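Asker: The residues making up each chain are set out below.
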Amino acid sequence: MTDSNHIIAPSLQHTLDNFKDCIDLTHRTFPEINVHLVYFDHLINSDELYRYITPLTEAREYEIQNLLIRSQYQLALDSDTVIKGILYGKIAIFHKDDTYLVDAYKPEARSIDASQTETVITGPHDSFTEPALSNLSLIRSKIKSSHLKVIKLEVGEISKTDLYILYIDGLANMDYVKELVERIELIEVDAVHDGNMLIQYIDDFPNSIFPLFSTSERPDTAISKLVAGKIIGILDGSPSVFTAPSSFFEFFASPDDYYQRWILGTATRLLRFAALVITLTFTALYVSVTTFHYEMIPEALLLTLTESRSRVPFPPIYEALLMELTIELLREAGARLPTKIGQTIGIVGGIVIGQAAVQAGLTSNVLIIAVASSAIASFVIPSYVMSASIRLVRFGLIILAGTLGDLGIAMGIAYIVIHLCGLTSLNTSYITPVAPSYFNDWRDVFIRAPLWAMRDRPSQSNTPNKVKMKQKK
Amino acid sequence: MMLLVMLLLIGCGDQRVLEKLGFTQTTSYDLDPNTEESSDDEKQGQQKLLISVTIPRTRTENSRELITATAYTSKEAKIKLSSQTELTIVSGQLRNTLFGLSLAKQGIWEHIDTLVRDSSISPRVKVTIVNGSAHELLSKDYSQHNRTGKYLDRMLEKEAISQTVPEITLYRFTRDFLDDGIDAVAPIIKQLDEHVSIDGIALFQGDRYVTKVEPDDTLIFAFLRGRFKNGEMSVDMSEVGRINEHIMFSSMISKRKIKIKTTSEGQHYHADISINVRGSVLEYTGKLSLDNVEHQKQIEKLIAEYIKLKTEEMVAMMQKNNVDSIGLGKYVRNKLSYEEWKNLDWRRIYPNIEVTCNVNVRIKDFGKFVNIEQ
Amino acid sequence: MREKLHPFHIAILIYMTQSGVVIFSLPRVLAQHMGYNGWIALTVFYVIVALNISLISLAYRLADGKSIFQIIEHFFPKIAVIPLYIFLLTLWMMIGCISAKRYIIIYQIFVFPTTHPMLIKILVDTLAFLLIIKGIYNISKAATVFFWLVIWTILLLLFFLHDFQWINLTSFYFHESSDIVTGSFRIFTAFLGYELILLLFPYAEKRKGVMKAVHIGNLLTFLTYILVCLVCYGFYSFDQLKRMKFPMLDLLAYIEFPFVERIENLIFSLYLFTSLIGIVMYCWSALEAAQRILPKANVKWLAAIIMAVAYVVSWVPTVLVEVDAWLQYLGQIEIGVAFGLPLMLLLFLLLQKRRDEPYIDYNEPS
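Protein chains in written order, with the working numbering: chain A, 1 to 473; chain B, 1001 to 1374; chain C, 2001 to 2366.
In case anyone wonders, no lab produced these hints; they're calculated from the structure.
If you want the footprint, here are the derived chain A segments under chain C, 3+ residues with CB under 8 Å: (1) 398–408; (2) 433–447.
If the Cβ cut is set under 8 Å, some of the chain A residues that face chain B in the computed set are: (3) Thr290; (4) Phe292; (5) Glu295; (6) Leu303; (7) Arg309; (8) Ser310.
Please read these numbers as outputs of a predicted model, since none were measured by experiment. Glycine is no exception: its CB is placed at the ideal position from the N, C-alpha and C atoms.
Could you put the whole structure together from the sequences, leaning on the hints where they help?
Answerer: In structure tokens, the structure reads:
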């Protein structure tokens, strides 16, 4: 940032230098009247643009000075004002040595809806839409800094889809930016349709079950990642914006956590990790206990369990797999159908099939509870992609529990841990900050510490500027 | 892929699927009355055992299944028991073991040992002695109560909370049995017509039943055994010189301390048991007034005197029977060096040591109602 | 960029390698061999181990980040040291595979009594293999995650506050101890694992904290052991403790929650994680030695061969007593290695210093 006491006279060259590497900046020249226009195309309304610019272009050069005296054109006296103005959706007009600003702010956007996949209760409800420029404007309108740099790339040999890589100069680690750009340039494929598809081309382990870059449809999430020193990518035609590098634990955070009081935020975070444990192990434990470890059941529950199991003709593992499969079918059916029918399917499936299955003696009612609660727990995980991965992993654990009991579950978890440890996201450990351990980061991973306590940017982004808050308490 | 196939192979043989199991809830051990006098078995030096187990069921009419077998060892019995039911008998849910008195008199360690060895049996399984035949007690259905096993289990747990009997689990029994400074105890129950009642506390010497504490005195035993909370006691004041006066002492919190003094001759020990009791008095019939401060002090003294009398009486009884159920030995042991303790024949010394009990009673409150004196 | 191990991870790695299922039987072993209040004896072992670590740290300081193999090969031609490498390789491989077998056999005491242990072992070995080929950095990451998954079980000891009696500890010290020498070896093997730090020299961050981290890891092991043993001594009577095969299992079985009881096999399953790290670390060390012998071989294949050989060897002992005996012999040899190897290194390094010749590494790994 320039020192506020030190005023620099506005000049075209200085402005352009400041926005170096911002591909979305428009610079138009009218040599015959000696006028330069500098503005962000996606932040202004083109009608307004023409309303202000047409008189200028139609005038002769000596008339310009008089036209510019009109009140809508404000004379800017220092460079900072100009830069700020541009970021706020003004058009900067450079004429000879004078610089004028004219307000034409109206970001281009089709109607912006609330996100369907990542909903929050409090906080902003807007979400990204398909056109990349509109998404870019959503971000630009919230980060008014010339340090926000944009790199434009093209992916898809045929589709030539635009891809914008955004990072904040001075916060993001340039090695990661370079690495990411390199990887994207290496993609040779006909077309890429969505951000979630793109990340599969560029992540470190395409065969892993876990998503290695997090995606989001929410501008506030994207911005929080940017200021955390991470890199985000906007693919034209996709509302999913991806972040790199990401860690496993990032998928369990929701912007809601920050909009609530920190104690509530912490409680919700912990709830989510509890949900992770429940969704992974609940059904598996049921299978393991009913198949191998009967002695773990407290006496009060014993008869209930035996009673409900005694009518079921299958071994617990088949019973559990059957019910889990049904739940997955219901979920998939609900997702493919229009919302209203989807709800009906949910009710019909949940109540009718569940009830009937118990009455027909196909499953025990305790299992229904286990399956249902682990399914609900899986939906607590904010990221849809991660929640889908976890649900699939759960099947593996159930099979292991059915063959080896508790030992099987332990082996399954050991395998997951081993797998997770091997993963990297943009060459950084996927399970930061647990290993390598950065205890400072734990304040924003397992709990949501009070805002004043989170002073540093996360270690994973390896940022050159670690401190995000200097204010003392 | 290969691993998957292997996975499916593993464990199939060792599955213990819930509904195919018969969980023994309570096991009873008796000497078989039919063979008790038979000379054949005497020659083998072993008597036949009568072992019964209850298995809670939901679908049978009695809501439980009782099977009985006679055998020389409990494991042999398990095989015989298993052949009588369609379920696989497992003992991982065992909650209670009942030993008939006649067996308890012969020693029960052999059976406890089997139970402790079995990795599926919880160390929390209760050990209970039955005054009479354990089998009969267990086989009877008490129409006014739950299924018998659960009924006994719940009753013992409840009584343990109110300090009438100690809660004796396999772990505690084994701990005390294998400790050379204390003798094991166990609750003892007996069968009445339509229910079962606590019949005191069985005192063991080694693993053999020797004598018992009468049900009325169980709380006195609790004072001696250690600290406890939440007891209730009726004090008969006639024992301390006030005829026809009774007092209910409740919500007691008691702490016990033992100090051992050695007298100059070395082989002579003196045990000081100090008992500190706090509690409240809500009921009193007698001439003193509950609301007079001086009388209150007097009541405290009377109760203390009563407890002292009773505890000393009980220690004398235990010394007479040569059972160190309150663990004085442990405290003596800590006073001595290793060689001294090993050379000491504790069993021989114990009956002759001097024991004094010092009781301190504090009454926290006398209820929330006051009688104004006229 | 090759990542280096941070001291914190080294501490955890050492802790996870040291502790294992041995904690389940350790209180009994102490009672048998060290007698009354044997838990205090752990302090002695801790001090010995700490001294040994100090010895190693001396070697570490002189080695200046070179691997032990480089140091040894600096003095002898490679052919001459191959027998030594083979010896180390075999030793470490055997310790790895036999301790895996031990875990499984103990597990079979309560579940899967009739399943063939080798069927389960192949699964455990596969897990170990998958972790080994990911390299030491990822092993330490996994160790850290496993550490957090296991360490909370120590809190379960709070459950025994109620039944813990100081009087059960008695006032006798080390009476009724028997076979102190054999016993000492048995107890000492419980601490083994720290010596593998010798192989971590080139992988550690060049900071002062490395050796401190090993000490902290060892201290953590010691604290866990002594806590568990103290609770066992106070919870059980002495004779009882002496007769219990796995006192800590019984301890866990005693815990009862309203929704679950008898959690001993659940917790024991969790200890798969610590034993896994132990197995992995020993096999990884074996792999390191093997790589020195055959520097051009493919690491994955080498690891696979080591695991396969280890698997075959572990067919031989079949019952717990045999496994224990094997582990005992191996542990005794390993104790020798733990003291001998750093001494040897120190000797070499000092000799080298005296000669004061410029160090040239002919075997810089590619």
